[in-house]
Structures are given as C-alpha cells and as structure tokens.
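Model the full assembly from the supplied sequences, consistent with the hints where possible.
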Amino acid sequence: MSETPALFDVQPPAAPALPPRDCLVGTIAAAEVNPLDGSSTIAPLPVWVTADNNVQMGDHLLTDAAQVLTLVSHLLTALRIMQIERDL
Amino acid sequence: MNAEVIVNHDDADLPFGDDWDHTDAAIRAEYAVTTRPFYVGSINAAQRDVQGSVGVELYLAPNGAWLDIGPFRLPQRELLCLQRLLGIATACIGQRPATTPPAPEHIFEDITEVEHLPAPELTPEAGRGIAGWDLARSAAELSDGGLSEGEGRP
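Taken in order, these protein sequences are the chains called A and B. For the first sequence, the working numbering gives the first residue as 1, with consecutive numbering after it. For the second sequence, the working numbering gives the first residue as 1, with consecutive numbering after it.
For the record, the hints were derived by calculation from the structure and aren't laboratory data. Since the model is a prediction, treat every value here as computed from it, not as a measurement. Please note: incorrect hints may appear among the correct ones.
Listing some non-contacts, in silico: residues in chain B with all C-beta distances to chain A over 12 Å [as the list claims (entries may be wrong)]:
1) D21
2) H22
3) A25
4) R28
5) V33
6) W66
Pair ranges (Cβ atoms, derived) [unchecked claim]:
7) A:A66 x B:V33: 24 to 34 Å
8) B:D110 x A:T27: 55 to 65 Å
9) B:L117 x A:A66: 31 to 41 Å
10) A:C23 x B:E115: 44 to 54 Å
These stretches of chain A come out as covered by chain B in the derived footprint (C-beta under 8 Å, 3 or more residues) [claimed, not checked]:
11) 30–37
12) 40–46
13) 51–64
Using N, Cα and C, we set each Cβ at its ideal position, and we do this for glycine too.
The structure is reproduced here in structure tokens:
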C-alpha cells in the first residue's frame, strides 16, 4: 500500500524575525593616554556595526559613512608615513 | 617723565628683549618640531552623554611609532588591524570605497549605433539658440547690467 502525501502539512509557525542587533566586528588592543601626566593604560577598543548602520569605535559613534571613509583614509596616510619612516 | 621708562621702552615692545639667545631658541624650535606629534587629520563623531558632535583628532608620532586617535594610542600593528576592521565595517554598512576606476565612456565603432540611441532629454533652454536666449532675458535684467563684452550682435 503506497503512502499518499499529506495534503495539508502542518508546519510550525515561523519564528518572528529577530530585530537587528549591533555586531562586534573586532577589538583592537589600544592604550589610553592620560594627557595630564602622559601615562598610558591598556584599553581595548571595540569596533561595532550598530543596528542602524553606524560604526561605533569605543565611545565614539560614527553616524556618517563619509566620516568612516575619512578615518580609513587618515589611517592609510599614517600607515604610509610609518612605512616611509621605517624604510629610511 | 621717568627716564627708566624711556630706556626700557624698546625692551618692553620686543617679546624677548635684547638678551634673547637666538641660537638656543633655534635649537629649541627645531627640537619642538622634531618631537611634536604630526597632525594627520580629524573626524567628527558622536559620543555618549555628549550633545552634538565631537572632533576626534589623529596625531602621528614623530618617529612613526604610534598614532593617537583621540585618547587612544595605537602602535602600527594595531593600526593595520583597525584599518582592516573599518574596511569590514564600511562594507557592512554598504559604503565600500571604490576599488576600481570608473569605466571609460563607450566608444561607438559603428555610426548606426548612434542612430539607434534614444533622443536626449531636452531642457527648456535647449534649441533656443542665441535669439531665444536673448528673448528670454528680461528687460529688467538688460537694463540692470546691459550686455557684457562679447554679447552684442555683430
């Protein structure tokens, strides 16, 4: 006797979509410098992509994507200068 | 008038007086330039418990050993890591920087390709020519400035 496929498969109700959450991209091992005496303490610097498409770096929230790109360009500049000084 | 005031008048106008050691000042200035962090740039960011935006300045060490981003100091290795993380973050928010140059304009090899192109959208000013342009100018505009050099009819 062959089995007939069930006409009405009862599926469990789909779970409601989770609301978007902040996503931790990574953490940088930085140091926080005290401007008064120049002493430094270890301060991890987490980089998040927030649920509303912003980038949070530590306490600083970059709400404008152009600012993120500006920061990237500044980092590239600094890295290039570092490389030049190392090659000298 | 007090004679002492007259004697010291020149010294009072000069910031360093006559006994300023130029050699020492030059050495100090050069030392300050070579030991002062190098300003790379700044970005605007928001911060918790702070209304409005704050400026985050980036300073590079004179010997290139570290970069200060606001209060944080990052060595080169961590800086490279941060740059990669920000690249991922920008890709996540859909603002990837262009990695390829813009495509060159299409060069038509056959004239028939051009003939089949849709007609360009005409602006209200298109096709009026110099006469239409002249008529479009209001009398007030003409009376205000008149014709400029080279605008008159032959």
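Hints versus structure:
1. Look at B:D21: its CB is around 28 Å from the nearest CB on chain A, clear of 12 Å, so calling it non-interface holds up.
2. Here B:H22 stays apart from chain A, with its beta-carbon at least about 30 Å from theirs, past the 12 Å limit.
3. Under the 12 Å C-beta cut-off, the non-interface status given to B:A25 relative to chain A holds; the minimum distance is some 25 Å.
4. For B:R28, the shortest C-beta to C-beta distance to chain A comes to about 20 Å, beyond the 12 Å cut-off, and the non-interface label holds.
5. With a least beta-carbon separation of about 15 Å from chain A, B:V33 lies farther than 12 Å from that chain, consistent with its non-interface assignment.
6. Against chain A, the non-interface label of B:W66 is violated: not every CB pair exceeds 12 Å, the least being about 8 Å.
7. In this structure the supplied range 24 to 34 Å holds for A:A66 paired with B:V33, their Cβ-Cβ distance being about 32 Å.
8. Our hint of 55 to 65 Å for B:D110 and A:T27 holds, since their Cβ atoms are close to 58 Å apart.
9. Distance hint for B:L117 and A:A66: a CB-CB separation of about 35 Å, consistent with the stated range 31 to 41 Å.
10. Between A:C23 and B:E115 the CB atoms are about 52 Å apart, so this pair conforms to the stated range of 44 to 54 Å.
11. Note: the region 30–37 of chain A has 5 residues with beta-carbon separation from chain B under 8 Å; the three-residue rule is met and the coverage holds.
12. As drawn, the region 40–46 of chain A meets chain B at 3 residues by the rule of a beta-carbon pair under 8 Å; at three or more, the given contact holds.
13. Note: the region 51–64 of chain A has 11 residues with beta-carbon separation from chain B under 8 Å; the three-residue rule is met and the coverage holds.
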